[in-house]
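Undergrad: Produce the complete structure using the sequences and hints provided.
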Amino acid sequence: MLNLSKDFIMKHIVVFILTIILFFGCQEKAPETKNVDKPVVTTPRKKQTPVAAVGVTASGYPYKLHVQNKGIRPIIGDEVVYHQLLMKNDSVVRSTYLGFEPIKAVMPAKADVADPPPPSYEGIFLMAINDSITLLQPMDSVKNYLRPRWLQKSDTLKYTLKLLDIRRKEIVEAERDSLKGLELIMIGKTQQWIKDHQAGKLKNITKSDSGLTYIIHEEGTGKEASTKKYIQLHYAGFKMDGTILDNTYSRNQPAAYRVGNKGVLGWDELLPKLKEGGKATVFVPSKLAYGEKGRAPKVEPNEDLVFYLEVVKVN
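Read in order, the letters of the sequence shown are residues 1496 to 1810 in our numbering.
Calculated directly from the structure, the hints in this document are not laboratory data.
Fair warning: this is a prediction, and the values are worked out from it, not measured in the lab.
Every residue, glycine too, gets a C-beta built ideally from N, C-alpha and C.
Just so you know, not all the hints are guaranteed correct.
Simulated restraints, written as ranges between beta carbons of each label pair [said to hold, decoys possible]:
1. P1539 to G1786: 45 to 55 Å
2. S1554 to E1714: 42 to 52 Å
3. A1604 to K1734: 43 to 53 Å
4. A1606 to N1742: 21 to 31 Å
5. G1758 to P1643: 16 to 26 Å
6. T1651 to K1702: 50 to 60 Å
7. P1539 to A1609: 26 to 36 Å
8. Y1640 to V1549: 30 to 40 Å
9. K1684 to K1605: 35 to 45 Å
10. G1758 to E1795: 26 to 36 Å
11. S1586 to A1606: 31 to 41 Å
12. A1791 to T1544: 37 to 47 Å
13. V1549 to D1585: 19 to 29 Å
14. K1734 to K1702: 17 to 27 Å
Mimicking DSS-like on lysine-lysine, the simulated pairs with C-alpha atoms at most 30 Å apart in a straight line are [what the hints assert, rightly or not]:
15. K1734 to K1774
16. K1782 to K1702
17. K1599 to K1774
18. K1723 to K1583
19. K1583 to K1757
20. K1675 to K1696
21. K1599 to K1664
22. K1599 to K1718
23. K1782 to K1698
24. K1638 to K1724
TA: Okay, here's the thing in structure tokens:
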């Protein structure tokens, strides 16, 4: 039997206790990083006048609210998300339900839309979230030179809308401001990539048999943007001299696009290689862009283009 001294035992007990303390101390989680962004302050909305369930809009469109809630209604500058079914008499002309993608828009001032405004514009302001409304536009009230050729004086357009969401204008404006810095960085980088490509200095590029040249910056991790999928797409288009043609980032509004729908053939070739969150720069020869016709007034016939693409969402 071992004869251990008291000092020896005490030393080992102390070491054992310290080991336990150190072990459990190391298991503590690191403190989470707090969001230090300043919260967006939204101003209280003034009390809104109740809307009659049946009536006529300011421009004379008869309407009927099928579902009416007591929530707030949009104001100018709010971002709205809504479904729309447009019918001519009893025939469907257009429906966002068929594309599985509702309309998302920031509500403009009345001075910034057509005069008179379309029924959908006035209808949106009459609804709260989850409300549904139908508005009628008889063509006999539209002047001949304003009536599209595919409509007769005896026809009636019927707009049925369902409001899905409202985002306050203060939040929309704050997002737009925060996106501005990222937008400028993206534009600067793409313009530099264009210069490097023309100088033959651009690395990690891939060229397909069709003549498309691209760099995938991030493949993404969500659903694949495969052919026939409806997606939300941020893009910025450039001429080969770096001039910006169009830019969804400046509007803080990604575009709805159906992959393989032959909008831009270069997009249709590249997008299936990306997933949600994917980003790429693609150099598109004219035959895979707008070809011999170009796209007046900005794109000349047979003009090569460059696009920065970001797949925001795949439906």
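Undergrad: Take the C-beta atom of Y1640 and the C-beta atom of V1549, compute their distance, and say whether it sits inside 30 to 40 Å.
TA: Because 31 Å falls inside the window, the suggested range holds.
Undergrad: Quick check: does the Cβ-Cβ distance between S1554 and E1714 fall within 42 to 52 Å?
TA: Since the Cβ atoms of S1554 and E1714 sit about 48 Å apart, the hinted range of 42 to 52 Å holds.
Undergrad: Do the beta carbons of T1651 and K1702 sit within 50 to 60 Å of each other?
TA: Given a distance of about 54 Å, which is inside 50 to 60 Å, the answer is holds.
Undergrad: Is K1599 within 30 Å of K1718, Cα to Cα?
TA: holds (21 Å)
Undergrad: Against the 30 Å threshold, does the CA-CA distance of K1782 and K1698 hold or violate the hint?
TA: holds (24 Å)
Undergrad: Keeping to a limit of 30 Å between CA atoms, is the pair of K1734 and K1774 held or broken?
TA: holds (19 Å)
Undergrad: For the pair supplied as a hint, K1782 and K1702, is the alpha-carbon distance within the 30 Å limit?
TA: holds (15 Å)
Undergrad: Taking 37 to 47 Å as the hint, is the beta-carbon distance of A1791 and T1544 inside that range?
TA: holds (46 Å)
Undergrad: Does the hinted range 19 to 29 Å hold for V1549 and D1585 at CB?
TA: For V1549 and D1585 the Cβ distance comes to about 21 Å; the hint holds.
Undergrad: Falls inside 21 to 31 Å, the C-beta gap from A1606 to N1742?
TA: About 24 Å separates the Cβ atoms of A1606 and N1742, which means 21 to 31 Å holds.
Undergrad: For the range 17 to 27 Å, tell me whether the beta carbons of K1734 and K1702 fit it or not.
TA: For K1734 and K1702 the Cβ distance comes to about 20 Å; the hint holds.
Undergrad: If you check the beta carbons of A1604 and K1734, does the distance land in 43 to 53 Å?
TA: violated (32 Å)
Taken one by one, the earlier hints fail for this structure at numbers 3, 10, 24, listed in ascending order.
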